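There are 2 protein chains.
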Amino acid sequence: MKGSQVTIKDIAKALGVSASTVSRALKDHPDISPETKKAVTELAEKLNYQPNSIALSLRQKKSNTIGVIIPELVHFFFSTVINGIEDVAYAAGYSVIVSQSNESYEREVVDTKALFNNRVDGILASVSRETKNYDHFQSLVNRGIPMVFYDRICSAVNCSQVIIDDFDAGYQSTKHLIDQGYKRIAHISGPLSLLLSAQRLEGYKKALEDHGLPVVEELIVEETESKDERVAKELTNKLLDLPTPPDAIFANNDVAALGAMLVIKERGLKIPDNIGVVGFSNWRFTSLTEPALTTIDQPGFQMGQEAARLLIKEIEAKEDEVIEPETVVLKTSLIVRKSSVRN
Amino acid sequence: MKGSQVTIKDIAKALGVSASTVSRALKDHPDISPETKKAVTELAEKLNYQPNSIALSLRQKKSNTIGVIIPELVHFFFSTVINGIEDVAYAAGYSVIVSQSNESYEREVVDTKALFNNRVDGILASVSRETKNYDHFQSLVNRGIPMVFYDRICSAVNCSQVIIDDFDAGYQSTKHLIDQGYKRIAHISGPLSLLLSAQRLEGYKKALEDHGLPVVEELIVEETESKDERVAKELTNKLLDLPTPPDAIFANNDVAALGAMLVIKERGLKIPDNIGVVGFSNWRFTSLTEPALTTIDQPGFQMGQEAARLLIKEIEAKEDEVIEPETVVLKTSLIVRKSSVRN
Numbered sequence: 133m134k135g136s137q138v139t140i141k142d143i144a145k146a147l148g149v150s151a152s153t154v155s156r157a158l159k160d161h162p163d164i165s166p167e168t169k170k171a172v173t174e175l176a177e178k179l180n181y182q183p184n185s186i187a188l189s190l191r192q193k194k195s196n197t198i199g200v201i202i203p204e205l206v207h208f209f210f211s212t213v214i215n216g217i218e219d220v221a222y223a224a225g226y227s228v229i230v231s232q233s234n235e236s237y238e239r240e241v242v243d244t245k246a247l248f249n250n251r252v253d254g255i256l257a258s259v260s261r262e263t264k265n266y267d268h269f270q271s272l273v274n275r276g277i278p279m280v281f282y283d284r285i286c287s288a289v290n291c292s293q294v295i296i297d298d299f300d301a302g303y304q305s306t307k308h309l310i311d312q313g314y315k316r317i318a319h320i321s322g323p324l325s326l327l328l329s330a331q332r333l334e335g336y337k338k339a340l341e342d343h344g345l346p347v348v349e350e351l352i353v354e355e356t357e358s359k360d361e362r363v364a365k366e367l368t369n370k371l372l373d374l375p376t377p378p379d380a381i382f383a384n385n386d387v388a389a390l391g392a393m394l395v396i397k398e399r400g401l402k403i404p405d406n407i408g409v410v411g412f413s414n415w416r417f418t419s420l421t422e423p424a425l426t427t428i429d430q431p432g433f434q435m436g437q438e439a440a441r442l443l444i445k446e447i448e449a450k451e452d453e454v455i456e457p458e459t460v461v462l463k464t465s466l467i468v469r470k471s472s473v474r475n
Numbered sequence: 133m134k135g136s137q138v139t140i141k142d143i144a145k146a147l148g149v150s151a152s153t154v155s156r157a158l159k160d161h162p163d164i165s166p167e168t169k170k171a172v173t174e175l176a177e178k179l180n181y182q183p184n185s186i187a188l189s190l191r192q193k194k195s196n197t198i199g200v201i202i203p204e205l206v207h208f209f210f211s212t213v214i215n216g217i218e219d220v221a222y223a224a225g226y227s228v229i230v231s232q233s234n235e236s237y238e239r240e241v242v243d244t245k246a247l248f249n250n251r252v253d254g255i256l257a258s259v260s261r262e263t264k265n266y267d268h269f270q271s272l273v274n275r276g277i278p279m280v281f282y283d284r285i286c287s288a289v290n291c292s293q294v295i296i297d298d299f300d301a302g303y304q305s306t307k308h309l310i311d312q313g314y315k316r317i318a319h320i321s322g323p324l325s326l327l328l329s330a331q332r333l334e335g336y337k338k339a340l341e342d343h344g345l346p347v348v349e350e351l352i353v354e355e356t357e358s359k360d361e362r363v364a365k366e367l368t369n370k371l372l373d374l375p376t377p378p379d380a381i382f383a384n385n386d387v388a389a390l391g392a393m394l395v396i397k398e399r400g401l402k403i404p405d406n407i408g409v410v411g412f413s414n415w416r417f418t419s420l421t422e423p424a425l426t427t428i429d430q431p432g433f434q435m436g437q438e439a440a441r442l443l444i445k446e447i448e449a450k451e452d453e454v455i456e457p458e459t460v461v462l463k464t465s466l467i468v469r470k471s472s473v474r475n
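So the sequence lines, in the order shown, correspond to chains A and B. If you use our numbering, the first sequence corresponds to residues 133 to 475, in order. If you use our numbering, the second sequence corresponds to residues 133 to 475, in order.
Hint data in this document are derived by calculation from the structure and do not stem from the laboratory. Everything numeric in this text was worked out from a predicted model, so none of it was measured. Virtual Cβ for every residue (Gly too), placed ideally from N, Cα, C. Any given hint might turn out to be false.
[Unchecked claim] DSS-like, lysine-lysine: derived pairs with alpha carbons at most 30 Å apart:
| id | chain 1 | residue 1 | chain 2 | residue 2 |
| --- | --- | --- | --- | --- |
| 1 | A | K397 | B | K402 |
| 2 | A | K450 | B | K245 |
| 3 | A | K397 | A | K245 |
| 4 | A | K315 | A | K445 |
| 5 | A | K159 | B | K194 |
[Stated by the list, open to error] Listed next, the stretches of chain B that the computed footprint assigns to chain A, with coverage defined by at least 3 CB atoms under 8 Å from CB atoms of chain A:
| id | segment |
| --- | --- |
| 6 | 336-350 |
| 7 | 420-430 |
Kindly produce the complete structure, drawing on both the sequences and the hints.
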């Protein structure tokens, strides 16, 4: 991206003038002739050059601050990612400031602008559940702000990214339930507009297929929006009201899994005997619920470390160095507890 | 505080020159004579005037950003405080950036500087467990940055603050255990360098005294540093190894309470029959543990709202308006669940 961004040098070369002339022309300096100003501004416009004073000052003076956009701070996984980011950033002499989108597209747009205006040297972002338009991120990249996406990435913007192997995690969770003898496994998915939710669903389907079990559409329910266990409770009630209810539930996150557990217990059904449950994220305290929850451990701390490393590499790249976007994929592990193990 | 800070006007008045002359003298402007420059800079130094270009730009141009210093993002209570801050801030046209001290004094110092350098309009802070020196906060106040403390306040710096009634919360938790028939109640306190920990301990002692129970020093243990349940587990083992062990534990936070519960269960003791447990904070999922945990519900969202309101009032005060620091005290409520109720 850095390579493809138009610089003052490009404009200077194209017009056969010095970079300093272009810079002064763009600042409407009295020493520069009106003709040169006109030529420079017209070409700058044509090439989509962004003459932003803050971006300029950024290049001149580093703030040694990394901005992080996070969907939800109360989400245990995300708070561990921040700890990983800080671990690498502070060691490299950067401080970290965090902005929460609270799963709102509108707020995410405000946050990106605020971080830009607060002169951060680079931004780490994970997109909100609501986000379907990525112009606010593209605009940062166009202005030359180094960016790396983590966990909830966006393929529309060409940046480095750190993800977990969501397909594999979905596959392993489902395979584990099959291995325990469950045959009618439901999936409470996250919003399928998020790549990671779609990947987990694919992993779930593939595991069923590989083990000769049918993919039953009515057993796949989508939790399009949720900040607590309420939606998951509704969806679980819906699943348990089916003519042939599921004998296991693989939930896209631990909050949903715990919501499902509440409903199952309320109905007098036993976990794991009547219904097995697997969550996703290994939230704090999931080992202390009754029964303890089987879940996918996501390496949040490591994800934060990797994302910060990639970003700092880009921030500290030399002016003319072209950084090729990288994708780092981290492996998860299944933590088997009582909620999915029938005796 | 605003009133006590030295301004350009004060220096101008003392020297009998215009404020504009002082301002230009401080910027080493060629129009000002060397004598005037010398007089201005000497007096500025004597009066501890802070000629900070960023502070100046701050006054000239608002960033419409509020900075928040938070001890630990993974702490459920603190993440709800941020949600409350954002609720008020975004509605008033401010974005919010958060910096985590991770309970480290050193990092808290770096964070305050980073937020200042990132030109926030004001700062909301809760001090780390480690912090015993408050110069970094005082320095912000001296530079005219509006500040409000929340939850973990510091009495050394004269700012508005939003707290909960920690004494009352400690009292009510202990009284509840006494009402349930527990007679030998231990307390796992937080670090007593934090005012709130000291207040909760005082409430605990007063409740015992009011109900004719002795304050037993060996039943009071201090969790000086802790980010998970490990220290609480050690302290609980120590308490249960006493010649006369406690029949109840009131813990300073839910993580400590859950750590205590793990140890109690490991030893084959029953909660609440053998030992009652009360936590503090009403973390997510504490209602789902076995048994469900009795705890103090802290109004985190409301605390964030109040703190943001006080800060924005101060940010938007007119130049010469003196804002008197306010203290807002919020009430907590005891959430009674199974862990402390003997049948």
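We went through each hint and held it up to the structure:
1. A:K397 x B:K402: 22 Å, holds
2. A:K450 x B:K245: 27 Å, holds
3. A:K397 x A:K245: 46 Å, violated
4. A:K315 x A:K445: 48 Å, violated
5. A:K159 x B:K194: Measuring from Cα to Cα gives roughly 23 Å; hence the hint holds.
6. 336-350: Check failed, 0 qualifying residues.
7. 420-430: Since three or more residues must qualify, the claim that chain A covers the segment 420-430 of chain B holds, with 3 doing so at under 8 Å.
Consistency note: the structure conflicts with the earlier hints numbered 3, 4, 6.
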